[in-house]
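K.L.:
So the sequence lines, in the order shown, correspond to chains F and D. Just so we're aligned, residue 0 is where the first sequence starts under numbering that gives the first Met the number 0, counting upward by one. Just so we're aligned, residue 0 is where the second sequence starts under numbering that gives the first Met the number 0, counting upward by one.
The list that follows gives simulated cross-link-like pairs (lysine-lysine, BS3-like), each with its CA atoms no further than 30 Å apart:
(1) F/LYS97 with F/LYS49
(2) F/LYS30 with F/LYS49
(3) F/LYS11 with D/LYS11
(4) D/LYS110 with D/LYS49
(5) D/LYS11 with F/LYS110
(6) D/LYS110 with F/LYS11
(7) D/LYS1 with D/LYS110
(8) D/LYS49 with D/LYS97
(9) D/LYS31 with D/LYS1
(10) D/LYS167 with D/LYS30
(11) F/LYS97 with F/LYS30
(12) F/LYS110 with D/LYS110
The hints are simulated quantities; they were obtained by calculation from the structure and are not laboratory data.
Residue-level listing of the chains:
2 protein chains.
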Amino acid sequence: MKFESSFPIWDKLNTDQQARILGSLASHRVKKGAVIHNGSMDCTGLLLVKSGQLRVYILSEEGREITLYRLFELDMCLFSASCMLRSIQFDVTIAAEKDTEFWVVPTEVYKSILEESAPAANYTNELMASRFSDVMWLMEQIMWKSLDRRVAAFLLEEASIEGTDQLKITHETIASHLGSHREVITRMLRYFQNEGMVRLSRGAIEIADADKLEELRDS
Amino acid sequence: MKFESSFPIWDKLNTDQQARILGSLASHRVKKGAVIHNGSMDCTGLLLVKSGQLRVYILSEEGREITLYRLFELDMCLFSASCMLRSIQFDVTIAAEKDTEFWVVPTEVYKSILEESAPAANYTNELMASRFSDVMWLMEQIMWKSLDRRVAAFLLEEASIEGTDQLKITHETIASHLGSHREVITRMLRYFQNEGMVRLSRGAIEIADADKLEELRDS
Numbered sequence: 000m001k002f003e004s005s006f007p008i009w010d011k012l013n014t015d016q017q018a019r020i021l022g023s024l025a026s027h028r029v030k031k032g033a034v035i036h037n038g039s040m041d042c043t044g045l046l047l048v049k050s051g052q053l054r055v056y057i058l059s060e061e062g063r064e065i066t067l068y069r070l071f072e073l074d075m076c077l078f079s080a081s082c083m084l085r086s087i088q089f090d091v092t093i094a095a096e097k098d099t100e101f102w103v104v105p106t107e108v109y110k111s112i113l114e115e116s117a118p119a120a121n122y123t124n125e126l127m128a129s130r131f132s133d134v135m136w137l138m139e140q141i142m143w144k145s146l147d148r149r150v151a152a153f154l155l156e157e158a159s160i161e162g163t164d165q166l167k168i169t170h171e172t173i174a175s176h177l178g179s180h181r182e183v184i185t186r187m188l189r190y191f192q193n194e195g196m197v198r199l200s201r202g203a204i205e206i207a208d209a210d211k212l213e214e215l216r217d218s
Numbered sequence: 000m001k002f003e004s005s006f007p008i009w010d011k012l013n014t015d016q017q018a019r020i021l022g023s024l025a026s027h028r029v030k031k032g033a034v035i036h037n038g039s040m041d042c043t044g045l046l047l048v049k050s051g052q053l054r055v056y057i058l059s060e061e062g063r064e065i066t067l068y069r070l071f072e073l074d075m076c077l078f079s080a081s082c083m084l085r086s087i088q089f090d091v092t093i094a095a096e097k098d099t100e101f102w103v104v105p106t107e108v109y110k111s112i113l114e115e116s117a118p119a120a121n122y123t124n125e126l127m128a129s130r131f132s133d134v135m136w137l138m139e140q141i142m143w144k145s146l147d148r149r150v151a152a153f154l155l156e157e158a159s160i161e162g163t164d165q166l167k168i169t170h171e172t173i174a175s176h177l178g179s180h181r182e183v184i185t186r187m188l189r190y191f192q193n194e195g196m197v198r199l200s201r202g203a204i205e206i207a208d209a210d211k212l213e214e215l216r217d218s
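With the rest of the complex left out, here is chain F (with noise of 0.2 Å):
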């Protein structure tokens, strides 16, 4: 896989602006775990995953998280370059969730191509517009939507992602992916068991009833 094929608007660069990004872009390959962007300590560059899965999250003085967003193949994240941006006054944190590999264009010359660019700048418009939809939608999440609902959301989305009916994932990792705590998530998965929706075991939930995840999920 090359990146003049994965950038969206390669082409509507000119051979300068290519030869730029060419002659600084830099190949990474990171193990399940690793932690790659800490909040304003470090401000990598631009970002495109090339296979793998990274996950975009928050953390609290307390060390509580929430997951903003994922990151899966072809996804361009930015906020890795957020000191480009001076606008940009919040910090995430970015892991890996799989072994991943990414390119990383460094922030001065996405910065500098930026500058010259209105197909580069209305590119990384879209991508902010649509990183804050999904923040909204989350925050609405959070507001609005009861956690019965959220959690279930949670599994369905765990099932589709992995593949696979049988999860392994602790309450304590769901609840600090929802912004809640290990004893209500817990409870919550209790009561699914109750209703017939999961099977619980050491490590591992296991989707019995999809459909009535489902109906929950959109009640």
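With chain F fixed as given, assemble chain D onto it according to the hints.
P.N.:
Same frame as chain F, but now just chain D:
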């Protein structure tokens, strides 16, 4: 006050772009309470506040609302032109909190300028990043700050905006700004009164001890 001196990147547009804006620019005057943009129902255009005060908020299906941010003199609003960016997938409502005058650049005109002008596209990026940061801050407030601190922060902000310690505001209004319920806010305000931080009367809240409220807010 002229649009030319109020629009930050005016000098970076060419004369043709400037003429297209001036030829299509509309000026509006609305009364306090007017709703000037309502979700996906309309796509007014890029909005620049001349005087007054606007509130941007989201509404749940059940009619609960939460304030995302406010717009004051010379602030610009991108989301009244959200149809311009196809990646914006959420709806906001914009209402006047005071009698307000504002300019509108029609969506199609601004969009055509964005497509050819890197400075305009980058300026739009900064605007969006700044609003995104507001919303991230708010989400962190909701997730991680306890309500007492949020109510204290809200009262202090109101007093600062209105330039008075005598706030004419109902508990219902505070509740909807903070995505909470009237009963909860009333209880919290009574607690504040018992602590000597505010004095409550019919339809009004007086800030009695701003230092103590600030201390709570920053705790």
